[in-house]
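Chain order of the listed sequences is A and B.
Convert by adding 927 to the 1-based position in the first sequence; the result is the number in my numbering.
Convert by adding 586 to the 1-based position in the second sequence; the result is the number in my numbering.
In short, the hints are calculated from the structure, not lab data.
Predicted, not measured: the structure shown is a model, and the values here were computed from it.
Heads up, a few of these hints could be off.
DSSO-like cross-link-like pairs, simulated, lysine-lysine; straight-line CA separation at most 30 angstroms [to be verified]: (1) B/740 x B/680; (2) A/946 x B/976; (3) B/740 x B/666; (4) A/1114 x A/1033; (5) B/676 x B/666; (6) B/907 x A/946.
This is what each chain is made of:
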Amino acid sequence: MSYFSNISSAITTLVDGMKVTMGYFVRPREHVTLQYPDEVWPIPTRNIGVGEIESYNTIRSKLVVDFEDCIGCKACERACPVNCINIETFKAGPEEDIGTTKNDTKIKLRVTSFTIDMSECMFCDLCTHPCPENCIHMTPDYQFISNDNVRLDVTPEERWRDRDHLIYQFSKVLPIERAQRQAEADKMAEAKAAAMEAKKAAAEKAAAAKAEQAAREAEQAQAAAATPEEPVASTAPVITDTPAAPAEPAPMDIPTLESAPEPEPVDKIEIPLETITTPEIPEVQPVSTETAAEPETSTEPGTSIEPEDSSKGETENG
Amino acid sequence: MIQLLANWILSFDILSGMGNSVAWGLSLFIVAALIFVFVAANAIVLVYIERKVSAFMQVRLGPMRVGKFGTLQTVADALKLLQKEDIIPKMADKVLFIIGPWVILVASVVTFAAIPFSDTLLAANMNIGLFYVVSISSIVVLGIVMAGWASNNKWSLYGAMRSAAQIISYEIPVGITLIAVVAVVGSLNLQTMIQAQAGTGNLFHWIPIPLPNWFIFHSPFLFIAAFVYLIGATAEINRTPFDIPESESELVAGFMTEFSGLRWALFFLSEYANATLVALLVSIIFLGGWQSPFADYEGAQIGFSVITLVAIMWTLFVRAKTGRLSVYPLGLSLVITIAAWLFPGFAIWMASPGIFWMLMKAGTIIFLLMWFRWTFPRLRVDQLMYVSWKVILPLSLINLMGVAIWMWLTGEIQF
């Protein structure tokens, strides 16, 4: 009997299924398809209690810069917790007039590259607050569609990397102009470095003279049977480990001579700062404090150190 | 039709110079071309309809962007398929790989030669028309096995073997079901078969409901036989729920796995040609072919009025049950009924036989096949064989016996 009940249940269930599909077929206009380019879902709005400011009460989807108002202060770059903003600036010449922002602030830095990697961005909105010109802001544009080439700075070698990143270039500066600026800046840096070398040489001479004078003074004060010389001698072997040092005989000269290889350790400091402490720092710090020429040679790395301190402070504030 | 066309060609003064045999050959060629164009255009339209039907059954929209409501979508698809690279796998059996799709296409197109679309629109009026159609359409399995074997691919071979097993299994119940119909008509000629279904009569000969003399209303046995044939034919043309030869979820695309571009398009073409053929055969054998369902124009008027009444009742039923008001069927039937009562010419046209009714019936059956396809899940191989050998075959044998007894009881035949 199960044979016939099987057949009858098959027929009834098939008819049931056909009823269901026909029910959907004859019911017009209950489809769930969204014809995307013609129709879009409404953007959800919310009120987080900040007020009637439009940018707060919509979803945050795409980070956008009004590039005409950017003064290149890098405040947003420092504020970004995931380092998705990258800004490249060059100092404008003294006679150059780049323009003013909507707040009538004179732009002093030429921003050659302003990239935001939207694949890294976590939509935290922290970058928009430090901006003095209110030119960087989140928009509710979730579609990320663009008709113009927004990836101007992507070189062919970066193509593969670019597949994992969604880099938006906001600067209108062409790569050629950028290269020119870079060359100019390099030239200026070279000139600066040359000037610095000259200055350094002068400082060395002065230091050597000083050392000679000190040596003379030491000779004169030999009778005093120098106890302060012993700690200097104890530091000397540590520093002479570096390759640049060994030619120099006098222990007193070493601090000034160390200023040449010194930018490298300062560069290294940038990275360890995130991991908070390194053993080298206490050794270097006395050296940098002793030499008068230090702050001038390390201007560029110095600027990159400061932001990180301030960014730390800001993230804590935020 | 070929002789008519040849006579028509010879009736022109300019063309009368050519001999009778030349005219005959020319009209043969024209008719063959017409059939092929019909099959190709039919496939393009049916693919679009199928996509729309499936979409509506799944609460989607279907193609919407090429042309208005996506009407040109399948044309664009066909153009794309024609442009595609023709890939023949390195290890494939080249000859069979190339011949396979053509065997399938030719086998499914050639069967249209015996299909009568109206009393004159018929390529070849054969006295063994039904036998011809059934036997030629069985050649399709040969092409499928060719294609599956030549692909040198396990999925293709699986698909081909399954297809062969399935078609051979379902040939038997389908054949026996057709024998039951042939027993009623006493002829294998499809045109004779349609002419035997003219006029109106009682349902199942005794129940006093006036219905057309179609074989589906001939007897309870033929009523069941229609559905048996539909199921068997669905299996023969490899359509869902019997699509195990090309079951996408198991055998990538079955015997079509290695085919691309034009060759794949040929498979597709023959698939829809076969579906159309089955629909046409069902409407010829069981639904009266090109016969009108109405005996005369008064019958058409009354018939449409009854349809409108049914539509009103259905609308009220749906309204009571679901709370929805679906006015489209009611509105359509109402408009047709009013037109039939106001314009007797319209009613007369509706009551006269012709290609319109043939295509209407075939379209209904095709819609039924699509409805099956987008409702039922695929059968397992053993279930397929179970249905064929244990359910449908006994049923068709009982039908054959039952029809014979029925005809003896009603006095259609005397011993």
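Pair hint residue 676 of chain B and residue 666 of chain B, alpha-carbon separation not exceeding 30 angstroms: holds, 24 angstroms
Restraint status (C-alpha distance of residue 946 of chain A to residue 976 of chain B at most 30 angstroms): holds, 27 angstroms
Given pair status - residue 666 of chain B, residue 740 of chain B, alpha carbons within 30 angstroms: Roughly 28 angstroms separates the two Cα atoms, so the pair holds.
30 angstroms limit on alpha-carbon distance, applied to hinted pair residue 907 of chain B and residue 946 of chain A: holds, 14 angstroms
Straight-line alpha-carbon gap residue 740 of chain B to residue 680 of chain B, limit 30 angstroms: It holds: about 17 angstroms lies between the C-alpha atoms, which stays within 30 angstroms.
Restraint status (C-alpha distance of residue 1114 of chain A to residue 1033 of chain A at most 30 angstroms): Distance of about 25 angstroms is within 30 angstroms: holds.
Taken one by one, the earlier hints all hold for this structure without exception.
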